[in-house]
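**Q** Residues per chain are reported as follows:
Number of protein chains: 2
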Amino acid sequence: MLEKMFNPESVAVIGASHVKGKVGRAVLDNLLNGYEGKIYPINPNAAEIEGLKCYKTVLDVPGPIDLAVIVIPSKLVPQAVRECGEKGIKYIVIISAGFKEVGVEGARLENEVKEIARSYNMRIVGPNCLGVLNTHTRCNASFAKKMPPSGNVSIITQSGALGTAILDWSEATGVGFDSFVSLGNKADLNEIDFMEAWKDDENTKVILAYLEGITDGKRFIEVAREVSKVKPIIVVKSGRTSAGARAVSSHTGSLAGSDAAYDAAFMQSGVIRAETMYEFFDMAGGFSGQPIPKGDRIAIITNAGGPGILATDSCERYGLRLATLSKETVDALKTTLPAAASFYNPVDVLGDASAHLYRFALETVVKDSGVDGILVLATPQAMTDPVAIAEVICDIKKQTDKPILPCFIGGVVMDEGVQVLKRHGLYNYDDPARAAYAMRMMARYNRISQRVYPQPRQFDVDREKVRGIIDRARKMGITVLGLEALPVLEAYGIPTLKYKMAAGVSDALQAAREIGYPVVMKIVSPDIVHKSDVGGVRVGIGSDEELENAYNKMMKDVSLAAPRCRISGVLIQQMATGGKEVILGMNKDPQFGPLIMFGLGGIYVEVLKDVQFRVAPLNEKDAMGMIYGIKTHQMLEGTRGEKPSDIEKLAELLERLSQLVTDFPDILEMDINPVKVYEKGKGCLALDVRMAISPK
Amino acid sequence: MLEKMFNPESVAVIGASHVKGKVGRAVLDNLLNGYEGKIYPINPNAAEIEGLKCYKTVLDVPGPIDLAVIVIPSKLVPQAVRECGEKGIKYIVIISAGFKEVGVEGARLENEVKEIARSYNMRIVGPNCLGVLNTHTRCNASFAKKMPPSGNVSIITQSGALGTAILDWSEATGVGFDSFVSLGNKADLNEIDFMEAWKDDENTKVILAYLEGITDGKRFIEVAREVSKVKPIIVVKSGRTSAGARAVSSHTGSLAGSDAAYDAAFMQSGVIRAETMYEFFDMAGGFSGQPIPKGDRIAIITNAGGPGILATDSCERYGLRLATLSKETVDALKTTLPAAASFYNPVDVLGDASAHLYRFALETVVKDSGVDGILVLATPQAMTDPVAIAEVICDIKKQTDKPILPCFIGGVVMDEGVQVLKRHGLYNYDDPARAAYAMRMMARYNRISQRVYPQPRQFDVDREKVRGIIDRARKMGITVLGLEALPVLEAYGIPTLKYKMAAGVSDALQAAREIGYPVVMKIVSPDIVHKSDVGGVRVGIGSDEELENAYNKMMKDVSLAAPRCRISGVLIQQMATGGKEVILGMNKDPQFGPLIMFGLGGIYVEVLKDVQFRVAPLNEKDAMGMIYGIKTHQMLEGTRGEKPSDIEKLAELLERLSQLVTDFPDILEMDINPVKVYEKGKGCLALDVRMAISPK
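These protein sequence lines are chains A and B, in that order. Residues in the first sequence are numbered from 31 upward in steps of one, following this note's numbering. Residues in the second sequence are numbered from 31 upward in steps of one, following this note's numbering.
By construction, these hints were calculated from the structure, which means they are not laboratory data. All C-beta atoms in this analysis are idealised placements derived from N, C-alpha and C, irrespective of residue type, glycine included. Mixed in with the good hints, there may be bad ones.
Claimed, not checked - To spell it out: a stretch of chain A is covered by chain B in this simulated footprint if at least three of its residues, at any positions, have a beta carbon under 8 Å from a beta carbon of chain B; those stretches are:
no., region
1, 69-79
2, 334-340
3, 625-639
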């Protein structure tokens, strides 16, 4: 899939140019620098460029063409694309700018190009991009200044400038690339297509992506789940914060989406998110050159105490465990390390340690079955030989399937050693914190690669009932439902506190007697959102007499506070006692669709913002993950002698809510607040609900 | 102070050596490389070393000596130090190892050296260190391989290896040093002495320290408060996590102390803590080469959208504000930047921007009075000229007192520009996140430099009463007091819920009648810590009859559950209603002494660990800072229509507790749990207390 894009037998450069400094020249030069297929410059005003015969259009080229690179002014692009179609070219890279990013006219042009490509069944990268390249075929169909070193990282970038910076970084650190794609406006091919294409690509071990938005949330999750089981996907998604999101929308036309949705989607699909460029690079370096650790028990070898402590601090901060070395390992270390060395983790081989001693320590520790990965620290001391130590690491790395992350600290003196590591494809971390971070993410990926994604459960529900409620509401012009939506919950098996609707006072009295005192009375009106504010809620009604009084008072209060509202009646509800209050909710994300929210009620949501989001549909693991994902989950597990809450049932409620909002795209927003969770085995009850639906 | 240490007129090297690779040779070579004072090699077995006349002992040197560097085996050090004393040398750097760090015998030797130095009024650095150096006097009295570039950063390090790495890093980044001190075992001079010495040192603009422990907590806070007002102190304190702390104690003899105490002490004394080496370096780079921003409103100038968004994200993550550019600024930018540029913050000068355009944008933005600092991003694009852009930055930097942090992204291509920055003393951040981090810390330092530290308030208290209670308890062999310590609180003006001690049932009845039902009854026993567990607490006692029954049942229950405990009687206490529960506490830190704790009661402390610590004595700002420092402080400010709590009174209680534990070092631990805080103006009441005292 997309194979001919990176490994074409022939490439046409539409807009190839003689002129130094022109993009059409840069692309041609890049291709001439090592690509072994046929190159056809296309330019109506030249007979020959750089010694190659030049053609007026692709239609004039005698042989077949696999890939066309377009670098002509945007207005001329549709015609050129049409000609590519006629010629039977399947892949086009449009480097030219002047499309969606410049406004309405550009967007129209982009659509035209898309239509033409679709009609000829062609696939397009761009427009408004840097191009694509592959280091193994040496097909550099981009205007990037340099070909990066060859390697096993493939990268997608939505920012050309960051793409260039990343290529430059690649040269500096020695982390090599396989394929590089600058996405540009994503008129056709997007990040998902490339992830999918690289899933089974032997040359790609790690997939990196810099994204500002995702084109198709659902498909992204689907594809990323498959791909992330096979190889790590590391993403920097910018526009995380609100100010950042503003910058995105002024930068490209892409919708930033809510960041909670991105976090949830990445989590649910095994995608690893980097926050900064350094995290991005540090993970790329680790995943590219090292095996995946089987666990999180880390050993540290160092030639100085201080950095050893810093590494230990960092491991703990990132949730790695400091390995406890076995007695055999400690005893073995004692045979050869000097008496003043530290034989426990961190293993301190001391400042005057030779490369030989490093080798002994590393060989010994790597064999310990209680160690999943190793950080090897080296600081420049009197006797330190960085080159020899680097060679030891490269050597032992070949004999083990455990990651050994080198951490040569110190700028200039250690550089010779760092160069040796680099030549062997090993990325150096010059701060133990960065090495610990990378190791933690690699350990996390170990779990991701083993994940299973259960199918969401399908509960037996009453769809027709919900359909009816929504349709009736719409007919009445109602788009926000309050208590009237309680039957929606019931239809989907979300139990509610016993209640009855009542049209008048005698109805209400009968309802209260059936339910049993004490009861709560709530006003039911399509026009009232905050019932309490208008005197529309009365709790603890204990008798017929109290109820009559409460009813009359409520009618008076509400008609005073909200004179023109339509009153459908009152709702008589059982008094809730005991249980813990939680909130279940849903809002729609433009990229990912329904996003389910969960949190503990009151202060926990309002002050601590201790909530979890997941993209629907939820499976059982997602639902459990939401509940255990909040910081205050212990509140539900039972603290201070309390019994644990019915977490299983609560998880089921989340799944049922997920099924409801997935079945009915008409539902735009939903708050089930509060839901009472009772102790284990006793279930949950929804007390109130608010549901917004689309007008049609 | 310590001036002759860094600027001596003459230096003796005791243990100077011919032999390449020996420390005694390395120190001599380092001094010979630029130091212009007199150098005296001391070695009984040589007549001359490196062309310098050699002496048997310092006593044989004809002229005066300001500084002696000792590099002989540890056993010989006491004698050499004594000779230095006789000679009248005031400063000694003991590089030799083999002291406290190797065990009991070494510690004895170290003490001997200390005693000798004290008797001659000499000051010592080390032993077991790398040495000291100063780049301005070029006095390199260390065995570090290289002299770092000259600059305005002075550094203290407790790890020689990290010291070497930092010197090496200095060369790589161009951040220059004034003085460098490797502390070693800190037998005499420690981090505080150097902070103090550098406070008024004109050559030092920034103080860095890598510490594993602090020698004298109280003095550290005192000195750091003074120094941090004048220049920033940046500290990496390792051994943060529990595993890290283990590594500290196996590494040096220094006590790690509790990390909460370090965090509190740093916060209270204006010391900025770095978590990683990169944070450490990034701050050093920023503080060293840039002015301090007057606020946190940051502008971003970029030649590409992607990095601009990343920078925006990072600014928000670190709590910086994205500056809103004035209309004048935006209009001015519009006159010259291309139409497709972004004129708002981040200002995008576009990928083909010349250095000239950068200059225009930077000059315009720097003038905006709504901008406190600027990040200038440059990525390698087709037209990018890193050298020219770097020159623009260096140039405009001279005309402004606002920090301009350069952020040249991309390894190899941007390097020429980075070198230009470096030559002008400007540190480059190759990840926008790192620049944003440094800027945030610089903005934070702006507030630190303006801080005032009010004197702790002294309340009118009854010391004698507390003295008496403690003495009586000790006489009885009691070291943990429960309710018996309520009078201690009262003596220090911490109000308690109305209570009476009762020796028997008739006493209890009378007490209850006086207090007024309902009451609570609690067992009073020096042997019972968890009263509830033995049936020793009864709440809601409403009448004489209930009280009699409760009394009898409690005596039975307690004697069954804790048969051998001594029962002093019961405590009858008023029933507490309303208010919010908080916890006040104190525990002793080995380095910093009494550490005051504050948190909201129950779940907030137990599950969320939402607590604040401060080192006593507390001033009013400290106390308020503790209350507003917890994540859930809104609980006390009034949420969901509740009235705000009496925060002023609560702060006073914290200060009173601080005065109590400061007055009585006998108190080792204290929990006042719970304290009820009532609404504003209605004060607080302590309900229960637990106090541990030292046996004598």
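**Q** Looking back at the hints listed earlier, which ones does the structure fail to meet?
**A** Violated hint (a single one): 1; every other hint is consistent with the structure.
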